[in-house]
Structures are given as C-alpha cells and as structure tokens.
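Asks: When we follow this note's numbering, the leftmost residue of the sequence shown carries the number 1, and every step to the right adds one.
Hint data in this document are derived by calculation from the structure and do not stem from the laboratory. Careful, some of the hints might be misleading.
[Unchecked claim] Under the rule of at most 20 Å between Cα atoms (straight-line distance), these lysine to aspartate or glutamate pairs were calculated in the EDC-like manner:
1) Lys69 - Asp105
2) Lys27 - Asp59
3) Lys354 - Asp296
4) Lys176 - Glu302
5) Lys87 - Asp290
6) Lys354 - Glu195
7) Lys243 - Glu338
8) Lys243 - Glu355
9) Lys136 - Glu224
10) Lys243 - Glu211
[To be verified] Now the in silico label distances, taken between C-beta atoms and shown as ranges:
11) Gly57 - Ser111: 26 to 34 Å
12) Glu302 - Val22: 37 to 45 Å
13) Ala124 - Asn237: 46 to 54 Å
14) Leu36 - Glu279: 25 to 33 Å
15) Glu347 - Phe23: 49 to 57 Å
16) Asp59 - Glu347: 44 to 52 Å
For each residue, glycine too, the CB sits at the ideal point set by N, CA and C.
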Amino acid sequence: MSSGPELHRNSFSTDLREKHVVFGGEKKLYAALVELIDKHQPKAAFVYSTCIVGVIGDDVQSVCRQVEKLKHIPVIPVMAEGFQGTKKDGYKIACDAMATLVGTDESKVISPVSINILGDFNLAGELWILADYYKKIGVEIAASITGDGRVNDIQNAHRAALNVVQCSGSMLHLAKTMKEQYGIPFRKVSYFGIEDMSDALYEVAKFFGKEELMDNARDLVKEELKTLLPALEPYRNALQGKKAAIYVGGAFKAISLVKALRLIGVQTVIAGTQTGDTEDYKLLKTICDDGCILVDDSNPVELSEFVKQTGADLFIGGVKERPIAYKLGIGFCDHNHERKLALAGYEGMLNFAKEVYETVCSPVWRFAL
Numbered sequence: 001m002s003s004g005p006e007l008h009r010n011s012f013s014t015d016l017r018e019k020h021v022v023f024g025g026e027k028k029l030y031a032a033l034v035e036l037i038d039k040h041q042p043k044a045a046f047v048y049s050t051c052i053v054g055v056i057g058d059d060v061q062s063v064c065r066q067v068e069k070l071k072h073i074p075v076i077p078v079m080a081e082g083f084q085g086t087k088k089d090g091y092k093i094a095c096d097a098m099a100t101l102v103g104t105d106e107s108k109v110i111s112p113v114s115i116n117i118l119g120d121f122n123l124a125g126e127l128w129i130l131a132d133y134y135k136k137i138g139v140e141i142a143a144s145i146t147g148d149g150r151v152n153d154i155q156n157a158h159r160a161a162l163n164v165v166q167c168s169g170s171m172l173h174l175a176k177t178m179k180e181q182y183g184i185p186f187r188k189v190s191y192f193g194i195e196d197m198s199d200a201l202y203e204v205a206k207f208f209g210k211e212e213l214m215d216n217a218r219d220l221v222k223e224e225l226k227t228l229l230p231a232l233e234p235y236r237n238a239l240q241g242k243k244a245a246i247y248v249g250g251a252f253k254a255i256s257l258v259k260a261l262r263l264i265g266v267q268t269v270i271a272g273t274q275t276g277d278t279e280d281y282k283l284l285k286t287i288c289d290d291g292c293i294l295v296d297d298s299n300p301v302e303l304s305e306f307v308k309q310t311g312a313d314l315f316i317g318g319v320k321e322r323p324i325a326y327k328l329g330i331g332f333c334d335h336n337h338e339r340k341l342a343l344a345g346y347e348g349m350l351n352f353a354k355e356v357y358e359t360v361c362s363p364v365w366r367f368a369l
C-alpha cells in the first residue's frame with residue numbers, strides 16, 4: 001500500500017517480437033523509457049531484464065545510462081533474468097540494484113535517532129502501524145525499503161543510524177552492503193507476534209543507548225498488552241490443542257509464527273521455509289516442540305504427506321500451499337504478499353488470532369472428505 005503515488009502498481013513491457021530477437025531490442029527499450037518517463041514523470045525508473053533479453057545479449061545497462069543522462073533521473077537496470085539462479089540469487093541482484101540508489105543524495109534532514117526499515121512491504125498498511133510505534137518511542141524512520149518507500153528517502157538512507165531488517169531472506173544482503181559502504185550497523189527483527197514485536201522495539205531502543213527511549217518502549221508495550229491479552233483469551237480457549245503446519249518463505253517469519261501460535265494454544269507440528277539456512281533451522285528446532293517436522297524447500301507431495309502424518313488442523317503458507325490444505329480438508333491462513341489483513345504489531349496479533357479461530361473452527365470442515 002502507498003500513502004502517495006500509485007505508479008508502482010503498473011508495470012510496462014517493451015513487447016519484444018521475433019525481429020527484436022534477431023536484430024536486438026535496445027532501440028525499442030530506449031524509446032519506451034523516454035516515452036514512459038515523459039508521460040509519468042517518475043523520480044526513478046527500474047528496468048528488469050527478462051530471460052530473452054539475457055539470451056540475445058542486449059546491453060540494457062548502456063541504454064539505462066543514456067536515458068539517465070537525458071532525463072536526469074536514476075534509471076537502474078536489474079539484471080535478473082530467470083535463468084540466473086535461485087530465488088535467493090534474485091534477491092541479491094535486486095539488493096545490488098537498490099544499493100546503487102542509496103547514497104546519491106544529501107538533501108534530507110535526518111535525526112540522529114533514526115532507522116531504515118528493510119524488508120517490510122507495507123502489506124495491508126503494516127508499515128504505518130510500525131511507524132506509529134517507533135514515533136511513540138521517539139525514533140524516526142528515515143527510509144523504508146521498499147514498502148511505501150520514496151526515491152529521495154532511499155537516496156538519503158545512508159545517513160540513518162541503524163538498519164532494521166525484517167525479511168532477512170530478501171534484504172539482508174542490502175543491509176550488509178550498507179554496512180560495508182557506509183558503516184551502518186543492522187539488526188534482524190520480526191514484527192509478528194507479541195514477543196518479537198516487543199523485542200524489536202527494545203532492540204532499537206537499546207541500540208541508541210538512551211534510557212528515555214527504553215522507558216517509552218516499555219510503556220508502549222505495557223499499554224498495548226493491557227488491551228491485547230484479554231482480547232486473545234477467548235481465542236486461546238477455543239483453539240487449545242489444535243495443530244498447525246507452517247511453510248513460508250523466510251525463517252524469521254516461521255520462528256515468529258511458532259511463537260504466536262503457541263500463545264493462542266496451537267501446537268506447531270510442521271515448520272518449513274524456502275530460504276532458511278543452517279543457523280535458522282537450529283534456532284527453529286530449539287523453539288519447536290519435540291516431534292515437530294522441520295522441512296527445507298519442500299514440495300506439495302512431501303508437504304501433503306507430512307500434513308496427513310501429523311494430523312494438522314491448519315496450514316499457514318503462501319498462495320501455492322492453499323490447494324494442499326483445501327484438498328486435505330483443513331483450514332488455511334494466507335501469510336503471503338497477496339493478503340489483505342495486517343498481521344504485524346499488536347493489533348496484527350489480534351487479527352491473526354481471529355483469522356486462525358475463524359478458519360480452524362469453521363463448520364465447513366465437518367463436511368470434508
């Protein structure tokens with residue numbers, strides 16, 4: 001979601017045909033960029049190189065430099081052809097492209113007590129929830145990459161005091177790059193669930209070493225929990241003893257889900273990710289109950305067998321896992337980028353508990369085969 005321009009919702013294609021494959025599509029790309037920049041007046045343009053462009057060898061970077069010089073805005077090539085590698089490789093390429101924008105401006109006034117939020121994409125307005133929390137404890141958000149982000153904010157992001165990385169799978173490389181180039185330290189956090197949301201606020205307050213910030217963080221957490229914990233109690237009572245399977249993209253997300261489910265009485269019997277590493281799984285193992293099946297970069301057949309084996313009542317995953325749950329006759333909660341429900345922060349925890357309850361306790365499952 002965006003609080004300003006909505007141009008990011010559109011994507012444009014050069015529509016390469018056979019003759020461009022034979023003779024090249026650089027002129028077509030140049031003309032398309034000039035036309036689109038004149039029409040929409042963006043602050044920057046990103047050019048994504050697809051498989052066919054990589055195969056025919058068009059010099060996309062040269063075209064971007066020409067248009068950048070002509071139009072006086074950043075025109076950034078993202079050389080992420082599909083055959084380049086895995087999902088992780090794509091994240092790295094995207095981070096490298098974004099890093100070329102960071103540090104290209106010095107005009108913005110930024111507080112010494114400021115952070116960049118990396119890896120939050122403002123799903124269902126979650127970034128605005130987090131921004132309100134940080135504002136209440138006295139911390140300024142210099143830039144958000146990429147949820148509700150602004151080009152000028154990202155250009156000035158190198159002047160923030162700290163990078164806070166939520167989706168480590170996608171944005172950790174950018175955080176490491178900014179540490180190498182600008183000396184900005186980073187912290188990995190999660191904003192999902194009571195425990196991790198509170199830890200994120202405390203971690204940031206602790207970094208700045210100001211007692212006032214820590215006091216503000218404690219007061220905020222206390223105030224939020226005063227309302228939230230009683231509201232969660234009915235859901236905890238109804239869900240006691242239910243079992244859940246988790247298969248998501250990043251490990252930090254899975255770890256937070258295990259904690260959040262335990263808080264509302266649900267046991268995690270399967271936990272898996274697509275981008276987790278050895279250290280992530282060691283941590284995941286320590287917080288899961290004995291007997292929980294840990295899976296890495298799994299497939300539908302394997303996941304289906306594990307769900308049947310464990311008797312899970314709920315599957316939490318992305319859009320590709322939804323059919324698995326429905327075919328097996330169990331509830332499904334969407335934790336993907338297409339979701340419309342805010343799950344970050346304290347109000348997000350209440351939304352999550354409500355969604356789990358409504359899904360697991362729906363009467364429709366009594367008719368499942």
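Asks: Next step is simple, just say for each hint if it's right about the structure.
Replies: Outcome of the hint check:
Taking the CA atoms of lysine 69 and aspartate 105, the gap is near 17 Å; set against the 20 Å cutoff, the hint holds. Our distance criterion of 20 Å between C-alpha atoms is met by lysine 27 and aspartate 59, whose separation comes to about 10 Å. Between lysine 354 and aspartate 296, the direct Cα distance comes to roughly 28 Å. Violation of the 20 Å bound is thereby established for this hinted pair. Only pairs whose Cα atoms come within 20 Å are accepted, and lysine 176 paired with glutamate 302 is rejected, the gap being roughly 34 Å.
About 31 Å separates the Cα atoms of lysine 87 and aspartate 290, which puts this hinted pair outside 20 Å; it is violated. Between the alpha carbons of lysine 354 and glutamate 195 the distance comes to roughly 18 Å, so the proposed pair stays at or under 20 Å and holds. With a CA separation close to 24 Å, the supplied pair lysine 243 and glutamate 338 exceeds the 20 Å bound. As the CA atoms of lysine 243 and glutamate 355 are separated by approximately 15 Å, the hinted pair is consistent with the 20 Å bound.
For the hint linking lysine 136 to glutamate 224, the alpha-carbon distance of about 12 Å falls within 20 Å, and the restraint holds. Annotation: proposed proximity of lysine 243 to glutamate 211 is violated, straight-line Cα distance about 41 Å (limit 20 Å). Hint check: glycine 57 to serine 111, Cβ distance near 47 Å, so the stated range 26 to 34 Å is violated. For the pair glutamate 302 and valine 22, the supplied restraint of 37 to 45 Å holds, since their beta-carbon distance comes to about 43 Å.
With their beta carbons about 27 Å apart, alanine 124 and asparagine 237 fall outside the hinted range of 46 to 54 Å. The supplied range of 25 to 33 Å is broken by leucine 36 and glutamate 279, whose beta-carbon atoms lie about 43 Å from each other. The given range of 49 to 57 Å is respected by glutamate 347 and phenylalanine 23, whose C-beta atoms sit roughly 56 Å from each other. Hint check: aspartate 59 to glutamate 347, Cβ distance near 49 Å, so the stated range 44 to 52 Å holds.
Hint compliance for this structure: hints 3, 4, 5, 7, 10, 11, 13, 14 are broken, all remaining hints hold.
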